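Dock chain B against the given chain A, drawing on the hints supplied.
Residue numbers (my numbering), protein chains in the order written: chain A, 2 to 497; chain B, 276 to 556.
Derived by calculation from the structure, the hints in this document are not laboratory data. Careful: at least some of the hints might be erroneous.
SDA-like, lysine to any residue: derived pairs with alpha carbons at most 20 Å apart [to be verified]:
(1) B:320 / A:193
(2) B:545 / A:194
(3) B:289 / A:199
(4) B:545 / A:193
(5) B:548 / A:360
(6) B:545 / A:197
(7) A:3 / A:32
(8) B:320 / A:359
(9) B:548 / A:346
(10) B:511 / B:521
(11) A:313 / A:262
(12) B:318 / A:346
(13) B:545 / A:195
(14) B:289 / A:355
(15) A:342 / B:547
(16) B:548 / A:343
(17) B:545 / A:333
(18) B:545 / A:199
(19) A:342 / B:319
(20) B:290 / A:198
(21) B:320 / A:342
(22) B:290 / A:196
(23) B:548 / A:347
(24) B:290 / A:194
(25) B:289 / A:359
(26) B:289 / A:195
(27) B:318 / A:352
(28) B:290 / A:355
(29) B:290 / A:342
(30) B:289 / A:193
(31) B:319 / A:346
(32) B:545 / A:347
Note that the structure is predicted; figures quoted are calculated from it, not measured.
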Amino acid sequence: MKRYNILFGGKAGQGPNLITNLIGGALIKRGYYVFYARDYQSLIRGGHNFNVLTFSNEPVYSNDSKLDVIICMDEETEKIHQKDLKKDGFILKGSSDNMYYAGRIFKMLGMDLKELENALKELKNFENNMQAAKKGYEEEKNTLCETISSKKKLYFGSGTENIAIGAIDSGLDFYCAYPMTPSTPLLGELAGRQIEENFIVLELDSEISVIGAAIGTAITGAKAMVGTSGGGYDLMTEFVSMAGMAEIPLVIYLAQRPGPSTGLPTYTAQGDLNLARHSGHGEFIRTVFAPGDINECQELASQAFYFSQKYKIPSIVLNDKHLAESFYTSTEVPKLIHSEKTTFLRKYNSYEHGEDGIVTEDSEVVNQNVKKRFAKQEEIKKDAKKFTRYKILGDKDSSNMIVSWGSTKGAILDAMKDFEVQFLQIIYMDPFPEEIEEIIDGKNLILIENNATGQLGSLIREKTGVLISERNKILRYDGRPFLADELRGEIKRRLR
Amino acid sequence: MPEDKKKVNLFTSKKSTWCPMCPNFHILAGVKKFVEDEINSGKKKEDFAMVAGIGCHAKIFDYLDLQGLNTLHGRVPPVCMGLKIGNPNINVLGFSGDGDAYAEGMEHTIHAARYNSNWKYVIHNNQVFSLTIGQPTPTTEVGFKEKTTPLGVKMQPINPIKLMLSAGASFVARVFADVKQIDWVLKEAIKHRGFAFIEVLQPCIIFHEHAMKYKERLYSLEESGHDKTSMEQAMKKADEFDYNNANKIPIGVFYQVERPIFEDGFPQLKNLKNGLKGIKR
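Chain A extracted, bound-state conformation (with noise of 0.2 Å):
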């Protein structure tokens, strides 16, 4: 079944997510596969937003770099776009009214106006949206394709509100956070909840102030969360050292994006999976889990408040922009894990320490703590081997094997249709599954990554000691998620 991209451009302010959403939203109705991803600057009004939406019959979870239809909201838009359009494929203007655009789309899909008209009256300022949608849908002569109606139930959702139904299944007690895109929506969609779903979500003054009244609660018993990106995540590191010397749970969501440094504030990258693993100072335990869908944002979330609760460890939940922020549909049904409260008040030291929680220096006693916190690696080891901890999909007998994680999956899922290829994809980073090690032998590895350096790739050579061609590096390192057509073409010419 042909996959359809549309593309909607405007300046920030115009409400090209408003449509989006509704056009999603209709087309899932009908039971079509959706993805929409969000391309946005550092601005809060003007510049230049897109988002792409991919539909089809068929399973999509990426974008596509050809278009079927440009709706310029703007003049911007036409001018920096066209050049992706199809042969046959349309550009919308002359408005700068989102549902005027609302209108026109729904003629093409050949919906019924009605349908519409049902999703406006959810929406605020009905008279006026629903003035320009008829307008829109009047005037539209042309037809994209005819839509079909299903009966299918499908699920479309967000990475973060998935990883927010996650933390909350879990009990979740305490979020905190300081803003910093893209774990910002994240903080806004826990707060929209805490009252009705009965938790505390606090933004303070800083990334240290966050983790430090994280763990206070922590102490107190409360199952504690904190939310970030990578240069949050530096200010917190001492923290999560800390929670591992005193052995206190803690759940950190880290959403990556472009650095080093302030980086590409809005754009995606998988640059920070060596900073989630080896944060903080001196020798500690912790997990590290990269969901690549929004089912795994749900179950990631609730293994790691499993995980951090029943070891008293810190547990990362690695994310990145492009999965927090984009929208999937889903038509599985997430598998989540109670997790029993273990912590309590008693006294809890950032120094070595006896079971008294008083300081101590004695040789002995910081043999046998370090001994002990280490016993724990064992114990969750072989905790981790009841949950899913990678996962092999595609053509199990073909030679050829794509190695990835995190949010390049739906752009994998989508260009490895047509070939004879199977793709590795791992999910738990720490503890990592090394018995990949008999999967990857003898095959030929394709490595993709949305970095500069193939952080799994290295990962992968120190824990199995399989190294992975320089050639059969796919790396993607300008802030941009793959695209499935592209990346089709990338694949194709690194196969065996």
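The following block gives chain B in isolation, referenced to the frame of chain A:
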């Protein structure tokens, strides 16, 4: 009713490593007296928690048998606030040194005043980094010389009392490291609904011994007729001693005002018996 007095043991078995005659012993004894009295008038040991930073002051965490966290350098205030969110019913005492509260953790001290969460902050100000053997802090006087500062300190010290007044602290006090003064000021602070900033002048007898002479310059704000509800008077009094000059040093409560506390802002925190842990879903 002495027969009703519960036997409270607040000391741990940890042997003290403070220098003999250190004024920190007075602070420890004062805090102990205060908590004992609170327990004898109905509270339980479990109703208290303490947080300490890093430095000589923080050893108090090892000597007082109270639950809590010996946290990182400078990071006492956010942890104290976390404890109050996790369980608003416990009385939280934070302990910091001048390095903690005014150098590495200055931002937390200022925001703590602004947040007005209901916990009490005790700063052991000895005007020097002692545990790292004698470096200047933000409250060290001009001209101070030690191994790392052979040219003498050039920077003006900050005045923490003025800082806290302007940051909006709802309770600002200063005492000397003396058992009675500590016990008294904590009793005043616990009655105050909100954040209490308590600076304790605690001269280091090794690296800042000349400050022991402060004792001769102290006078009581209460006895001198100071109006602690007046910001104008509080500022004037705060100006008298700038941590540099040889002026008289006012001690007592500079300022006290009632305003909504941080915990009031969250309906989720109302009527919790056992803190967030007790929430039923």
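Hint check:
Note on residue 320 of chain B and residue 193 of chain A: the hinted pairing is violated, with a Cα-Cα distance of about 37 Å set against a maximum of 20 Å. The straight-line distance between the Cα atoms of residue 545 of chain B and residue 194 of chain A is roughly 17 Å, inside the 20 Å bound, and the hint therefore holds. Straight-line distance between C-alpha atoms of residue 289 of chain B and residue 199 of chain A comes to about 41 Å, which puts the hinted pair past the 20 Å bound. For the given pair, residue 545 of chain B sits about 19 Å from residue 193 of chain A by alpha-carbon distance, which is consistent with the 20 Å threshold.
For the given pair, residue 548 of chain B sits about 31 Å from residue 360 of chain A by alpha-carbon distance, which is inconsistent with the 20 Å threshold. For the given pair, residue 545 of chain B sits about 15 Å from residue 197 of chain A by alpha-carbon distance, which is consistent with the 20 Å threshold. Distance hint between residue 3 of chain A and residue 32 of chain A is fulfilled; the C-alpha atoms sit about 15 Å from each other, no more than 20 Å. Our distance criterion of 20 Å between C-alpha atoms is met by residue 320 of chain B and residue 359 of chain A, whose separation comes to about 17 Å.
Between the alpha carbons of residue 548 of chain B and residue 346 of chain A the distance comes to roughly 15 Å, so the proposed pair stays at or under 20 Å and holds. A C-alpha spacing of about 16 Å is found between residue 511 of chain B and residue 521 of chain B, which places the hinted pair at or below 20 Å, so the restraint holds. Of the supplied pair hints, the one linking residue 313 of chain A and residue 262 of chain A is violated, its CA atoms being roughly 31 Å apart against a limit of 20 Å. The hinted pair formed by residue 318 of chain B and residue 346 of chain A meets the criterion: a straight-line CA distance of about 17 Å does not exceed 20 Å.
At most 20 Å may separate the alpha-carbon atoms for a hinted pair to count; residue 545 of chain B and residue 195 of chain A meet this at roughly 14 Å. The hinted pair formed by residue 289 of chain B and residue 355 of chain A meets the criterion: a straight-line CA distance of about 11 Å does not exceed 20 Å. Between residue 342 of chain A and residue 547 of chain B the alpha-carbon distance is near 17 Å, which keeps this suggested pair within the 20 Å criterion. The hinted pair formed by residue 548 of chain B and residue 343 of chain A meets the criterion: a straight-line CA distance of about 19 Å does not exceed 20 Å.
The suggested pairing of residue 545 of chain B with residue 333 of chain A is violated, with an alpha-carbon distance near 39 Å, which exceeds 20 Å. A hinted pair counts as satisfied when its Cα atoms are at most 20 Å apart, and residue 545 of chain B with residue 199 of chain A qualifies at roughly 11 Å. This hinted pair does not check out: residue 342 of chain A and residue 319 of chain B have alpha carbons roughly 24 Å apart, beyond 20 Å. Restraint check: the Cα-Cα separation between residue 290 of chain B and residue 198 of chain A comes to about 47 Å, which exceeds 20 Å; the hinted pair is violated.
As the CA atoms of residue 320 of chain B and residue 342 of chain A are separated by approximately 23 Å, the hinted pair breaks the 20 Å bound. About 47 Å separates the Cα atoms of residue 290 of chain B and residue 196 of chain A, which puts this hinted pair outside 20 Å; it is violated. For the proposed pair residue 548 of chain B and residue 347 of chain A, the alpha carbon gap of about 18 Å is at most 20 Å, so the pair holds. For the given pair, residue 290 of chain B sits about 49 Å from residue 194 of chain A by alpha-carbon distance, which is inconsistent with the 20 Å threshold.
Between the alpha carbons of residue 289 of chain B and residue 359 of chain A the distance comes to roughly 8 Å, so the proposed pair stays at or under 20 Å and holds. With a C-alpha separation of about 43 Å, the suggested pairing of residue 289 of chain B with residue 195 of chain A is violated against the 20 Å cut-off. A threshold of 20 Å between alpha carbons decides the hint, and for residue 318 of chain B with residue 352 of chain A the separation of about 29 Å lies outside it, so the pair is violated. Distance hint between residue 290 of chain B and residue 355 of chain A is fulfilled; the C-alpha atoms sit about 14 Å from each other, no more than 20 Å.
For the suggested pair residue 290 of chain B and residue 342 of chain A, the alpha carbons sit about 34 Å apart, so the restraint of at most 20 Å is broken. This hinted pair does not check out: residue 289 of chain B and residue 193 of chain A have alpha carbons roughly 47 Å apart, beyond 20 Å. Between residue 319 of chain B and residue 346 of chain A the alpha-carbon distance is near 14 Å, which keeps this suggested pair within the 20 Å criterion. Restraint check for residue 545 of chain B and residue 347 of chain A: not satisfied, since their Cα atoms lie roughly 24 Å apart, outside the 20 Å limit.
Of the hints listed earlier, those the structure fails to meet are numbers 1, 3, 5, 11, 17, 19, 20, 21, 22, 24, 26, 27, 29, 30 and 32, in rising order.
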